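Participant: Input sequences plus hints: build the corresponding full structure.
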Amino acid sequence: MALDPQSQIPVVKRRPQDPKWVRVFLTISALFVVLLIIGIPVLHVFFRAFENGVGSYLKSLFGNANTRHSILLTLSIAPRAVLLNLIFGLAAAWLIARFRFPGRTILLTCIDLPLAVSPVVAGLVFVLMFGMQGWFGAWLADHNLQVLFGTPALVLATSFVTLPYIVREIIPVLEAYGEEEELAAVSLGANGWQMFWRITLPNIRWALLYGIILCNARAMGEYGAVYVVSGRVSGMNDTMPLRVEKLFQEYDMPGAFALASVLTFVALITLVLKTYLEKNLMPKHGTESAGQK
Amino acid sequence: MRSTSPLPGLSLSLGFTVTYLSLLVLIPLSASFIKAGMLSFSDFWDIVWSDRTRAAYSLTFFSAFVAAVINAVLGFLVAWVLVRYEFPLKKLVDAMIDLPLALPTAVAGLVYSSLYVESGWLGQFLVPLGIKAAYSKFAIIWVLVFTGFPFVVRTVQPVLEELDPEVEEAAGILGASRLQTFFRILLPTVFPAVLAGFAQAFARGLGEYGSVIFVSSNIPYETELAPVLIVTRLEEMAFPEATAIATVLLVASFMLLAFINTVEYWSKHRGT
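Order-wise, the sequence lines are chains A and B.
The first sequence begins at 0 in numbering that gives the first Met the number 0 and counts up by one.
The second sequence begins at 0 in numbering that gives the first Met the number 0 and counts up by one.
Calculated from the structure, these hints are not laboratory results.
Wrong hints could be hidden among the right ones.
[Claimed, not checked] Here are the computed lysine-lysine pairs in the DSS-like style, where the Cα-Cα straight-line distance is at most 25 Å:
no., chain 1, residue 1, chain 2, residue 2
1, B, 90, A, 19
2, B, 89, A, 273
3, A, 278, B, 89
4, A, 278, B, 131
[Unchecked claim] Selected chain B positions facing chain A (Cβ under 8 Å, derived; list incomplete):
no., residue
5, 13
6, 98
7, 113
If you're wondering where the values come from, they're calculated on a predicted model, not measured in any experiment.
Beta carbons are placed, not taken as given, at the ideal position from N, Cα and C, and that holds for glycine.
Facilitator: This is the structure we're talking about:
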């Protein structure tokens with residue numbers, strides 16, 4: 000313990016402070032950067048959306064049949080992609096956090112792959128699978144199954160792009176909790192599902208919720224992959240972000256910004272919930288060290 | 000840890016994970032490589048080395064690289080201020096950093112193009128100064144700065160937080176100036192984290208599509224990025240061309256992913 004020679008009182012560990020002008024200068028610069036890159040754009044969305052009043056806003060949002068359809072389509076596709084990745088996330092996180100097996104590192108890397116792949120390429124690979132020139136295109140056409148340009152392709156492309164988000168939130172929390180409680184449950188005679196519902200799920204519930212929210216935000220906002228696999232027919236397979244672009248191309252700025260403001264609102268809610276949930280993610284009572292290697 | 004854990008669910012979770020990953024990710028991605036492999040080498044080469052494709056690749060790599068460099072500098076600054084200084088609304092600023100991850104890229108593109116056109120909020124000041132931040136290469140780089148902004152901040156922040164104050168104190172007591180301490184002690188410690196965030200931002204920038212089509216004029220040879228060219232080829236029904244260009248982009252992304260993992264491993268294990 001460092002002692003202050005004059006007062007003989009233990010000195011609290013403290014970083015050497017920078018001179019005041021450095022602090023003020025750097026803080027103002029950083030705030031300016033955040034305001035310029037993030038703050039102003041967010042304010043601008045809402046300003047442009049509401050510049051002609053609330054009535055005009057609601058009219059651009061709900062008065063246009065194609066815009067209405069895009070909202071409903073996104074609301075039907077995003078939950079399906081989230082559900083698929085939720086089931087995957089639980090299985091993959093359990094596997095990776097609780098078992099050691101050959102190929103585990105490769106599996107982890109494969110889970111991260113969609114983050115590294117351009118969304119456009121993600122869409123393209125589904126065209127190569129299900130398009131007329133693709134592997135299954137002819138077979139699907141013979142059986143009258145519409146995958147590409149239809150909801151299935153939109154769900155697949157969205158699931159591809161958002162695959163890592165839930166599993167990546169659960170793994171560190173599972174690892175932090177360690178396996179003691181689950182081992183205890185199993186040795187006391189609980190079966191696998193009882194252990195999962197009573198022990199594992201309550202432990203990871205906040206991380207799971209956070210992953211779902213993040214995954215949902217990405218799923219609702221996905222553009223590149225969905226653009227490629229959707230036929231982009233208004234009122235048919237335009238999702239909300241695609242509709243934003245189409246309104247922009249048609250110079251319908253109030254319409255584009257009204258729809259964009261809904262997506263921005265979802266993003267802001269996501270950030271608020273994230274900030275709130277983050278505090279509750281990790282175990283509280285000294286179990287932190289148990290599972291960490 | 001034991002390889003034979005008494006916990007249940009190994010075969011179920013392994014089976015499901017591998018099947019899901021194969022069906023959704025691995026088989027579709029392999030389709031791209033197999034389709035590209037069906038081209039003869041000279042055809043493949045003619046596509047990926049044509050003037051237009053080369054121009055698209057160089058613009059893509061150039062803008063993603065410059066944007067990632069800008070992100071490394073600005074991200075480090077913001078992380079530094081968030082960790083070390085106190086100021087009002089700090090929590091709010093901290094939370095806002097993640098917005099680019101949650102905001103749809105199409106919205107980012109729409110807003111940035113609207114802000115920087117001549118009549119826009121910021122364009123009205125910049126355009127008279129000769130700074131064209133809409134429909135230009137600068138516009139592409141700037142919107143990539145937005146989409147990649149959180150990465151460096153979020154990789155550097157925890158490293159700065161964990162830095163032992165005693166190290167800096169010791170450097171100070173031993174006679175180092177603040178600037179010397181920064182360059183000799185702090186920067187080397189934080190560098191791997193900056194590099195990891197830089198690579199993530201770079202990878203994100205390479206593939207970005209949704210935002211750039213709004214802010215770029217998408218003119219071949221001028222402002223056409225590789226992902227934009229892929230979509231153009233697809234719309235022309237030129238599948239082999241699209242696939243070949245995409246395969247090169249995929250290989251570049253995979254190499255970056257390998258690099259990111261190496262850097263992360265390095266930054267976790269150095270000096271411990």
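Participant: To test your reading of the hints: which numbers does this structure violate?
Facilitator: Hint check: 4 fails alone, others pass.
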